[in-house]
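S.K.: Input sequences plus hints: build the corresponding full structure.
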Amino acid sequence: MIAESIVNISAAVISASTPLLFVAAGELVVERSGVLNLGVEGMMLMGAVAGFAVTLTTGSPILGIVAAAAAGAVMALAFAVLTLTLMANQVATGLALTIFGIGLSALLGSGFVGQPVPALPKLHLAGLSELPVIGPVLFGQDALVYLSVILTGGVAWFLKRTRPGMMLRAIGESAASAHSLGLPVIRVRYLATLFGGAAAGLGGAFLSLSYTPMWMEGMTSGRGWIALALVVFGSWRPWRVLAGAYLFGGVTILQLHAQGAFHLPAQVFSMAPYLATIAVLTIISAGPWRGRFNAPADLGKPFRPSV
Amino acid sequence: MWVKVEPRQEASRRVIYATPVLAVGLTVLSGYFLFLFLGLAPAKTLYHFLISPTLTFYGWSELCVKAGPLVLIASGLAIGFRANVWNIGAEGQLTLGAVGAGGVALAFWGESGLWILPLMCLAGILGGMLYAAIPAFLKTRYEVSEILTSLMLTYVATLALGILVYGPWRDPMGFNFPQTRMFSDSALLPLILDGTRMHLGILVTLAVAVAAWMMMARTVIGFQIKVVGLAPAAARFAGFSRNRTVWFSLLLSGGLAGLAGTFEIAGPIGQLVPHLTPGYGFTAIIVAFLGRLHPLGIIASGFLMAISYNGGEIAQVEDRLPQAATGVFQGMLLFYLLACDFLSRYRIRLAATRREASPS
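Keeping their order, the protein sequence lines are chains A and B. Quick note: the first sequence, position 153, residue 153 per our numbering, numbers continuous. Quick note: the second sequence, position 47, residue 47 per our numbering, numbers continuous.
Treat the hints as calculated values from the structure; they're not laboratory data. Even for Gly, the Cβ is constructed at its ideal location relative to N, Cα and C. Don't take each hint at face value.
If the Cβ cut is set under 10 Å, some of the chain A residues that face chain B in the computed set are [to be verified]:
| id | residue |
| --- | --- |
| 1 | 77 |
| 2 | 81 |
| 3 | 83 |
| 4 | 98 |
| 5 | 99 |
| 6 | 100 |
| 7 | 107 |
| 8 | 109 |
| 9 | 146 |
| 10 | 181 |
| 11 | 213 |
| 12 | 214 |
| 13 | 216 |
| 14 | 217 |
| 15 | 285 |
M.R.: Right, here's the structure in full:
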């Protein structure tokens with residue numbers, strides 16, 4: 001009985017964490033290249049609606065997932081053209097992307113509200129999935145859950161171990177120096193931004209295809225913004241971001257369970273993820289470790305090569 | 001022929017004021033194709049969306065009702081944006097302001113007196129200011145991004161309002177609907193024109209917009225805000241405190257958002273409900289930018305956004321245009337505006353040869 005509820009709760013935590021992990025891992029790469037894209041909420045919603053609509057009309061969840069990533073990337077492309085080519089303010093453009101994405105996803109999805117879509121199938125790994133407790137928790141999830149962890153590992157490996165990853169970090173720390181060394185600042189930032197958009201799209205698709213398999217206007221309810229905070233919380237390091245995402249998934253599930261246990265209005269518990277975000281940001285910025293976890297030095301600063 | 005892009009020494013003023021017009025033009029054009037894509041008759045839908053709301057006197061009065069809160073909030077936000085203080089939680093500050101003012105209205109329900117409305121305004125302003133003080137404190141004390149905190153607090157505010165209207169403040173005679181009692185007459189703003197919904201708050205909003213303009217153009221604090229935003233290093237050298245600017249602009253914008261919330265519940269709504277606005281706090285961000293952070297521009301862009309709300313409603317009835325189209329329209333407008341701003345900072349020329357095309 002207890003083992004069963006541990007299994008259920010752990011599986012739910014992993015499920016609640018996965019969209020955050022996708023989005024935060026993507027945004028981490030974007031920010032490491034020196035670009036601050038605040039439009040994640042909009043990209044996520046577009047991914048959610050595109051993934052849902054394509055899965056429903058074609059019947060293929062794989063096509064849906066690809067469409068979600070593409071939709072996120074297209075939104076990110078608009079952001080990149082504005083901020084990297086047309087030198088628009090990154091904060092303002094990110095806000096515009098969010099407002100636009102909320103509106104456009106609601107418009108495109110208005111015909112899909114209330115329709116059901118089969119949830120992504122859980123992968124069954126022979127042998128492993130039958131293990132007691134950890135079997136269903138670790139090896140009974142759907143493909144996107146594994147993909148989110150693989151993506152995080154891939155990002156960690158890319159940034160730390162590969163030459164392009166090092167280039168990307170150099171560009172994020174000082175675009176001017178990187179440029180004078182001959183590194184393609186704008187091209188790398190474009191690619192990083194597109195990657196971030198695709199990852200945000202996947203996070204959205206997980207919401208509309210697996211977490212709550214349906215489409216609802218504004219269904220991300222601030223998860224994109226929480227993911228932005230997670231990048232800060234994880235001090236721009238992939239594995240710490242993963243830990244942060246699971247912590248927040250835990251808070252989300254915990255408050256759902258607490259709602260039944262205490263005689264307080266449900267809204268009190270729904271506030272938890274948002275308040276936790278503020279608390280965590282404050283602790284990270286205020287503690288004795290402050291200053292050791294610095295943002296990329298050129299984060300959010302526009303750069304235009306003079307030649 | 002090669003396209004040659006060169007930075008301007010100074011942003012062109014003429015272009016700065018022309019870009020909003022260009023952005024509106026591009027948005028309308030894109031809207032045409034969007035409506036076409038949605039299978040609607042684009043010209044007719046655009047007509048309903050943009051022209052219909054302005055055809056009658058009553059239509060204009062309704063535009064004033066919608067533009068009022070947008071202009072009031074945007075006037076405050078614009079001052080922060082000039083100082084690079086990004087308060088994007090105005091929706092939450094509006095909500096808390098409404099909670100404060102609504103609390104006063106309910107506490108003195110059934111009583112009459114000229115002092116009730118001013119007390120509500122005071123409570124509304126204080127509610128918004130207190131709520132904006134949280135991101136201000138976290139920013140100045142711990143360097144926590146005010147963008148994330150102010151936005152997170154918006155979700156918290158909506159939930160807090162929900163607790164009140166679903167719980168202790170619910171109308172006992174209201175058939176269990178999640179709403180408070182209708183306020184008594186003394187807690188409602190007087191109308192300034194019979195047969196319309198235009199209320200006293202709209203006049204106050206106009207006065208605030210003009211006062212904001214005077215402050216930015218004529219006072220030392222306005223000058224300090226501009227310097228802190230444009231040249232932080234110069235501001236430090238001149239002894240202008242960044243922290244004071246953060247506090248000032250967050251408290252001011254929070255207070256005005258709270259006042260806007262007060263006017264909404266004491267004006268068109270007349271009670272507290274779970275969802276007070278169709279996202280005025282976020283749309284006001286667009287209003288501020290589209291108005292070039294200038295109070296007079298903000299009034300003009302506030303009306304444009306009001307048209308997008310009211311036109312969206314008309315097109316929803318006439319053409320079955322989904323309500324979300326208003327949000328798309330507003331987002332596109334901000335996108336195009338930010339893109340067009342490129343023209344005010346860079347000059348684009350056609351050059352005859354490639355050699356000339358590479359700037360030194």
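S.K.: Each of the hints needs a verdict: does it hold here or not?
M.R.: Hints, verified against the model:
no.	hint	result
1	77	violated, 12 Å
2	81	holds, 8 Å
3	83	holds, 9 Å
4	98	holds, 8 Å
5	99	holds, 4 Å
6	100	holds, 3 Å
7	107	holds, 4 Å
8	109	holds, 8 Å
9	146	violated, 29 Å
10	181	violated, 20 Å
11	213	violated, 22 Å
12	214	violated, 17 Å
13	216	violated, 12 Å
14	217	holds, 7 Å
15	285	holds, 4 Å
The structure is inconsistent with the numbered hints 1, 9, 10, 11, 12 and 13, although it conforms to all the rest.
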